[in-house]
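Enquirer: Sequence:
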Amino acid sequence: MNLLTLQNTLETHIIEALKVLSYYDDSINITIETPKDKSNGDLSTNVAMQYARVARKAPRKIAEELIEALDVSGLPIDHTDIAGPGFINFYLKDTALHNVIPTIIQKGETYGNLSLGKDTKVNIEFVSVNPTGALHIGHARGAAAGDSLARIMTKAGYDVTKEYYVNDGGNQIHTLAKSIEARYKQLFDIDADIPEDGYHGEDIITTAKAFKHKYGDTYLEKDGYELFKSFGVETLLDGLKVDLNRFDVSFDVWFHEKELYKNHDVESTVKLLKDKGYTYEEDGAVWLKTSEFNDEKDRVIIKSDGSYTYLTPDIAYHHNKIKRGFDQLIDILGGDHHGYIDRLQAAIEIVSGKKDILDVEILQMVKVIQDGEEVKMSKRSGKAITLRDLLDEVGKDPIRYFFAARSLNTQMDLDLDLAIRKTTENPVYYVQYASARIHSVFDQADKLDLSYDPKLDTFDALNNEKVNDVLALLAAYPETIEASAKSRSPHKVTTYIHKLATAFHSLYNSDKFITDDTKKTIEYLTLLKAIHIVLVDALTLIGVSAPEKM
RNA sequence: GCUCCCGUAGCUCAGUUGGAUAGAGCGCAACCCUCCGAAGGUUGAAGUCGCAUGUUCGAAUCAUGUCGGGAGCGCCA
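The first sequence finishes on residue 1483 if you use the working numbering, and the numbering steps up by one all the way, no holes.
Read the hints as simulated data drawn from the structure, not as lab findings. None of the hints are false.
30 Å max Cα-Cα, derived DSS-like pairs, lysine-lysine: (1) K1051 <-> K1419; (2) K1174 <-> K1147; (3) K1288 <-> K1209.
Fair warning: this is a prediction, and the values are worked out from it, not measured in the lab.
Use the sequences and the hints to build the structure in full.
Expert: Printed below as a string of structure tokens:
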């Protein structure tokens, strides 16, 4: 019996007992949790306190009655007691958690897979940076967050599509084309200024050189605007893909804004909005009544000059996603876009008639610290710390771990000097070391011709506190996945990984795995195998490798 | 001025559908390798959970106010 089923069974038994005592009230939710401090038992419930009002009795008194009425004879519970203001604590039998070991070994990397998101198609859109330069550190955070979340939700059973929206229809692309054109002309020593608000990054010069290499001087006289545009988008996008690839982030769909115009999605969406009666004309512009759906005011969707605002194709884009059959849309946006959420959600509700189909996760800013001072970043000036720099100087694993360790919605500092230092100050080495250590133990065992036994189901030698700590964590893996997926919080997996590594290192220092006692050795090796399976799987979820040697 | 996010140990951060003595890493102090990898372990010092009031058996968590940091308030994207 695993921990989740045990909790569920226990809950059923408690409800039965409450009914016997005629206290039962279905509006009170029964929660069974694992106490932070294990001296408070392996499982605990606060029902007695919750029922204090209903039963009109002291919580401890209710707890006593409840334990009397509770039948746990069929469960692997050693004893039960009452503590503090009225908590009921359950202490499991020593052997209760042993069977998690064969379960894990049998299921392998599918251990912890859930059917939480069964039949739910989810689209996660993230990064979606305009191809006007390299990815900087903030984008890296978005990439790590989106990719990790996608992996976790996939493990939880959702049908996940990772999508990147390429804004190749807007003003910034116009500026990009003009910037490349200027750099191109400069390559021929022609005096050309980069436009106001243009892009000054190194990659623009590289792109201009590539353009020159391919087309020579053809477009010095001839108008090459459209070509500068498409060549620029294509070249810069390829560059982004290279970096993302190195960061172990991939996308299932690259969606181009241009498609929305080509397919007349924008037109038909505008028509739909008009047909539904949520638009009106004022000052020569067309407005959408988003204020009727929780936005602070109405928004223009067609400007008085006839062109669209940024919002309009974006509504069409989300509409397009819904038409592709997604049940849930998740956008991961930078903190500077939070003012945009209300109007987008309002528009999506008008289009789809559904309220909660779009879930926007906001990623707060990353403050970069170097030499003890904040580094201000600006993409346009080209003075940004790029993902590429980070990959070159720090490496993929520490960066992904670092981002995955923070909750999305918190501002964070990144001390570059620290990150680059590659010392034990970076906890990623701590968890990777756990994996390397297990490998090393298996190497030693191999010399003695010993290995784990996948069929083993009794573990008589594994009965100390350190072992139980590890087993409890292994048993808690599925619920960690569930909590992480439900709350869209990849960092919960990272916290779990760290706990598991700590429990393992502690065990390693207190117990000797390989001894003359062959039976005991094999039991330990089998436990280590299970730890390793879970450790590697959890690390994979956040995009971090588990090296065999370091 | 209005809206959103954040404020927890010296530093970086967990913990918030209200629960037991508020946790981790780094840094600091002291111990542990004749023994499977010391990139490790054990122990310790370190906190008015920004502040105030309220809600109740119980508040870091909820409400109101307030102070500090960040972001957003376009017919920009």
